[in-house]
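Engineer: Following the hints, complete the assembly by docking chain G with the ligand onto the known chain D.
Chains as they are written, first to last, in my numbering: chain D, 1 to 393; chain G, 1001 to 1135.
If you are wondering where the hints come from, they were derived from the structure by calculation, not from laboratory data.
Just so it is clear, the structure is predicted and the values come from calculations on it, not from any experiment.
Certain hints may be false.
Here are the in silico distance ranges between beta carbons for each label pair [what the hints assert, rightly or not]:
{"#": "1", "chain 1": "G", "residue 1": "D1081", "chain 2": "D", "residue 2": "D187", "range": "24 to 30 Å"}
{"#": "2", "chain 1": "D", "residue 1": "R363", "chain 2": "G", "residue 2": "D1081", "range": "40 to 46 Å"}
{"#": "3", "chain 1": "D", "residue 1": "A112", "chain 2": "G", "residue 2": "Q1042", "range": "33 to 39 Å"}
{"#": "4", "chain 1": "G", "residue 1": "E1047", "chain 2": "D", "residue 2": "R192", "range": "42 to 48 Å"}
From chain D, some residues computed to sit far from chain G (all C-beta separations above 12 Å) [claimed, not checked]:
{"#": "5", "residue": "G66"}
{"#": "6", "residue": "V68"}
{"#": "7", "residue": "G133"}
Where a beta carbon is used, it is the ideal one built from N, C-alpha and C, also for glycine.
One-letter residues, chain by chain:
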Amino acid sequence: MAKRRDVAIVGVYATKQERFSQRSALSLTMEAIHGALDDAGLTMKDVDGYLGFTFPAGSGMGVTDGNVAYQLNNPFGLVDRYSGAMALLQAAAAIREGLVETVIIAAAGSRATADGRTVAWTRPEYEFTEWTGSMTPAQFALQMRRHMHEHGTTVEQMAYGCATVRNNGHKNPDAIMFQRGPYTVEDVLSARMVADPLTLLMCSIVNDGGNCMVVTSGERARACKRPPVWVLSGAMESRYTAYFEAPSLEMLKGREKMMKAFGRAGVRHEDVDIVMIYDHFASGLIMSFEGLGFCEIGEGGPFIVENIGLDDKHPVCPDGGNLSFSHPGNPYNFKAIEIVRQFRGDVNDLCPQSAEGVHTYDRSICRKVRDPKLAACCGPMTGRHSFAILAKD
Amino acid sequence: MAYDKPLPRPTPLSQPFWDGAREHKLLLQRCQSCGAYRFTPQALCRECYAEEYEWAETSGRGKVYSYTIVYRPQTLTFMDDVPYVLAVIELAEGPHMLSNVVGCAPSDVHIDMPVVVQFEDATDEITLYKFRPAE
Ligand SMILES: [Zn+2]
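Looking at chain D on its own, in the form it has when it is part of the complex (with noise of 0.2 Å):
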């Protein structure tokens, strides 16, 4: 199968997430940048990359590669702000080139301080968007009306695939909406409308939390604790700067581009058993599949229908995804996060055994997936759409 073995992830954190943590989003990172490097058994010293979380100027000259650098006290080789599966594949291609040996890629979102995030809508560069009333929900719904405009997608596909992921957070002790389910398609429909055809079910949630993962050479993952999951490959593209300009379906264009990357891989799509889709809205869990080349373009809605449970050929989002178990705003690394975890088996659920790691498949208590090897980890699905590879050791 797979033939890429040379770029892996070694070590992955997630601090509590919760509602309001009170803590800084500074604090929430320096947490989950230690508690990774812990896992893989490696130390700030042997970090020479840094992806994600932008580190608060200090008394410089601001908000810089530099200022990171200067702040962990490290000789940075590669020094950007992203998060997920675009810092993945920025991090595997400077380790394959020889740049830098090992990243660490951090993010996290705090209500408590301003850092982290930005308060959405107020920026003086949404001239054209905000004065409208626009907001999150609805530039998804705008995109989703359209969606069902040319393809015929129902709000029943819709409602399906968000009670299906959340059925999964519902299962998840670390997930914000633990317990709160489990979902029919008829409660996610009759959920309160927030933007028209997306109800509050079809809508992540918000939350404080912090993530990281310490991504490696190969040489240098057979030394690390745990196993190695092997980056394969993957694809990313920029078409428009989402809130910024009206949203539309350009993105599925990059269909063949992302396609591709699977022969990088030497996979097939159906050799794939975990899909972490970036679910931030309904049109996510619809229109990645397309956009991924899994289906035609339009296909999406019938085919999570098919595809998506924990038993069936492609289960999403296992710990409940950003529509239940957190979107701190920066929820992208808990993409490929979860795989690890569910590669290693290290599955918290409500199994009476899940600590050990013996799992019963009784889908009322279990999130587990059988046996996977294979997983997609999604980025968003807007302006900027991108996906890695990820394999079992």
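Structural biologist: Using the frame of chain D, we list chain G with the ligand on its own:
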């Protein structure tokens, strides 16, 4: 009563657009090299990368590319307006524009509905461009 919702903050690049709106004209940048229209305002033509452009008056006409009816806004200032229609308008000249559809029941709005611009003077400086069903 004073307008209490968020207002756009024009930039040097966009100021002529807002000056036009104040005179109830919907202006778009038009490339002087290839003739392509663009929105939002940008320094370069997206078709040919030419920097030279003029502000050209448009027909103010278009059709609904997509829409949503907002019931729960993100900020309280829009609470009095719910439910309101947020829409992407495909202008006759090509570019897409995020705006509101007014002048009809939200439930009457549909994709491909022909619309025409309707200006609303919010303050002495800012006039907003919304759209209503075209006759
Ligand atoms: Zn041009």
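Engineer: Against each hint, give a clear statement of whether it holds in the structure.
Structural biologist: Now the hints, each set against the structure:
At about 28 Å, the beta-carbon gap between G/D1081 and D/D187 stays in the expected band of 24 to 30 Å. Between D/R363 and G/D1081 the Cβ separation comes to about 43 Å, which falls inside the hinted range of 40 to 46 Å. Between D/A112 and G/Q1042 the beta carbons are some 37 Å apart, a value that agrees with the proposed interval 33 to 39 Å. A C-beta distance of roughly 43 Å is found between G/E1047 and D/R192, which places it inside the suggested range of 42 to 48 Å.
Every CB of chain G lies more than 12 Å from the CB of D/G66, the least distance being 28 Å, so the non-interface label holds. No beta-carbon of chain G comes within 12 Å of the beta-carbon of D/V68; the shortest separation is about 29 Å. The Cβ of D/G133 does not lie farther than 12 Å from every Cβ of chain G; its closest approach is about 4 Å, which violates its non-interface assignment.
Checked against the numbered hints given earlier, this structure breaks only hint 7.
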